[in-house]
Structure formats: structure tokens, C-alpha cells
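Peer 1: Sequence:
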Amino acid sequence: MNSVLRPRSRLPVLALLTLGLGACSSQPPGPAVLAPQATAPTEWIKGMDVSEARGAEAAGVVFKDRDGTVKPALQIVKDHQYNWVRVRLMVDPDGRYGLLQDLPYVKAVMKDAKGRGLKVLLDLHYSHWWADPGNQWTPSRWAGQDVNTLAGSVYTYTKDVITQLRAQGTAPDMVQIGNEINGGMLWEPGRIGNMANFVKLTNAGANAVRDASGGNATMPPIMVHIAKTGGAAETVAWYRAFVGVGGWVDTIGLSYYPMWHGDSSGLSETIKQLRANFTWAKVYLAETASYWAPNQGGYTNLPYPQTPQGQSDYLKALTPVVQGAGGSGIFYWGAFWSQSSRWLIAPDWKDDDASRRSLFDDGARATAGIDGLN
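Reading the sequence shown from the start, the letters are residues -26 to -1, 1 to 348 in mature numbering (1 follows the signal peptide of the UniProt record, and there is no 0).
Note that these hints are calculated values from the structure, not bench results.
Treat the hints with caution; some may be incorrect.
Said to hold, decoys possible - Label pairs and their computed distance ranges (CB to CB):
no.	residue 1	residue 2	range
1	R115	N190	44 to 52 Å
2	Q297	N122	36 to 44 Å
3	D53	A82	14 to 22 Å
4	W18	P277	36 to 44 Å
5	G118	W254	34 to 42 Å
6	K38	D68	38 to 46 Å
Small disclaimer: the values here were computed from a predicted structure and weren't measured.
Even for Gly, the Cβ is constructed at its ideal location relative to N, Cα and C.
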């Protein structure tokens, strides 16, 4: 997740570790990842995170295409040639702060998406709260568990999620184990300061996806997603450390926001170095966004004007950067963050910066940016 209204935390990346590790002791051993365990998509991904769309529509937001035609949210996605969507899944969210995405919600989103011919990246947050580099909090149902017990809980939970999705005919096409996990996940046991414990947890999730899917041949690829750390060397070092202790990763996901992560030359070099060092792993931008209206976060020195055309121009320029560096797709974050007064209960947030980078304006009408990835 992108830090919606708060400055993004920046955490140091560990140096390369040399410890060896299998999966958690209560589950089958995790593979030493030197080759993909599952087959990555062959197509270029043009994706959109739709996590807010269903909740917004349920609260009365009426989304409109660029010409003003009222349409279901995901039909607009399909009509603008997106081929993938992304949806987050929370553990016991309470519905506040935009966190509506419990399992029944996600099952409904995936039925809608699959019914329109869209593929789905399932984003497992493993938290009741926004998961990002500065927030990776263990949900109350697992509070106080030691790392081995927690790994078992991750395995059981993940296996149940995938089993339920497959039972309704909506198996995900790719699965993120954690979201922006620069600093680990499921704190405190899973902080990155103990990479071995962290990988016990991520491998437990990956193993569960495999087992619920009937094995490696029929499972979706596992994405490991961090926020871009600013430099290629740092980012490569993070994945080297993760892989060095047996972390399972089929595809690499990065968050890239120019207001936090610098210009696109740094992004290009990062993707190139990741592809050179981890040749089996396709690289995706799991999150990006740009402004269609002046931001409320106080960010300056943005590369494009904060206008609908500037938003579109940013995305049109981004695609060749990612493709030219060897990347394989882009997902836009927060696309449906429109008319949030109808659906967002967030008493501690003083502004709504995310609404300034939606792909829909304050009238819930699609901006020019919706075609920026074409």
C-alpha cells in the first residue's frame, strides 16, 4: 500500500546475509530460490488497483467514463484496455481508513473482475492496518505468537483464502506475500532485523498458496513487493538478502512514486539491475500514481504538472521507461479514490491527498490519465 496521507517511512536495507533457511518447521521446507517456482505471465501487464471501487460504489459513488457515461467501476477498467486488476486483502479490518477489504469483499471483487475477463493480483497485507515500510502490524487474532506459531497461522490463513477463492472459480493469477515489506512484516517477530524469521513467515504464505493450488505446476506466481528504496544497489541488496536465506520469490514488485522515490532514471537503473541479478524474476511496478489536481501533501518538484493532462503525460512517459529497462508491467494505485466523503471514515487524517491522484475527478468522472498507460 502506498502511504495514503502520511510521508512514507524510509528504512535502511540490510547488507547481504549468508544464513541458510528452510520454511517454518511445521510446514514443508521452502525452496532455495534460484529459479522460479511458478510461471510468470507472458503478457505486458496494464493493471489498476481497484481495492476501493466496490466500497465506493456501495456508498453511492457513481463512476463515469470520460464521456460521462455511467458504468460499473470494473467495466470502465475493461473498456480502457486494462488486462489486470489488483486488490488488497486485510485480516479483520474494521472498515475505517478505507480498509474495507475483508475476505467476503475480496471474493466479490474477484467474481466481478473474472466475470469481465480481467486477471487478478491478490495483495495479501497480513495486517488489519495499512502495510507499508513503516507499518507492518500483527492483527489481534495472532498477537503474542512466537515466530513458529505465527508462521503456522500465516500458512493456515493463506491456504484457507486461496481454497475459498478457488472454490468459487476465481483463483488469483498472481499473489503478493505482504505489501511493501522493506522492513519485514508481522512485527515484531517478522522485522527484517531477523531476516531468517521474516522469511519463515513469507515462505509459509508461499507454501500455502502452492498447497492450496495443487502444487507448483498449477499455482500462481509469488510476488515479493517492496517500496523502491531510491537506489539500484540498495534494492538489489534487499533481494539478495531475502534470497540468500531461502526466500521464495517468482516475481518482483516495486512501488514507485516520484514524490518519494526520485526521478525515472533511478527507477530504470533499479529495474535493469534487478533483471541482471535475478534473471528468473520478472519485475513489475506494483504501485504508482500521479496527481490530476494540486496535492495536499505539500510535495514539490514533481516531474509533471498536477493536472489531468500532466497525470496522463506522466503515465505515457513511464511505460517506455519500464519496458526499456526490462520490466513487465505497471499497476496504478488508488484509481477509484473519489468522493471519499461518502465512504472514508478517517477521523485522524487532516487531508485527502490520495483523492488528488485518483483516475477519477471529484465528480467520479474518469480523467485523461485513465488512458495514460495505453
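Peer 1: Each hint: holds or not?
Peer 2: Quick rundown of the hints versus the structure:
For R115 and N190, the Cβ-Cβ distance of about 29 Å falls outside the hinted range of 44 to 52 Å, so the restraint is violated. Judged by the Cβ atoms, the range 36 to 44 Å given for Q297 and N122 holds: they are separated by roughly 43 Å. Roughly 20 Å separates the CB atoms of D53 and A82, a value that falls within the hinted 14 to 22 Å. Range check, W18 to P277: Cβ separation about 23 Å, and the 36 to 44 Å hint is violated.
Between G118 and W254 the CB atoms are about 37 Å apart, so this pair conforms to the stated range of 34 to 42 Å. Between K38 and D68 the beta carbon distance is about 30 Å. The supplied range of 38 to 46 Å is therefore violated.
In summary, the numbered hints that this structure violates are 1, 4 and 6.
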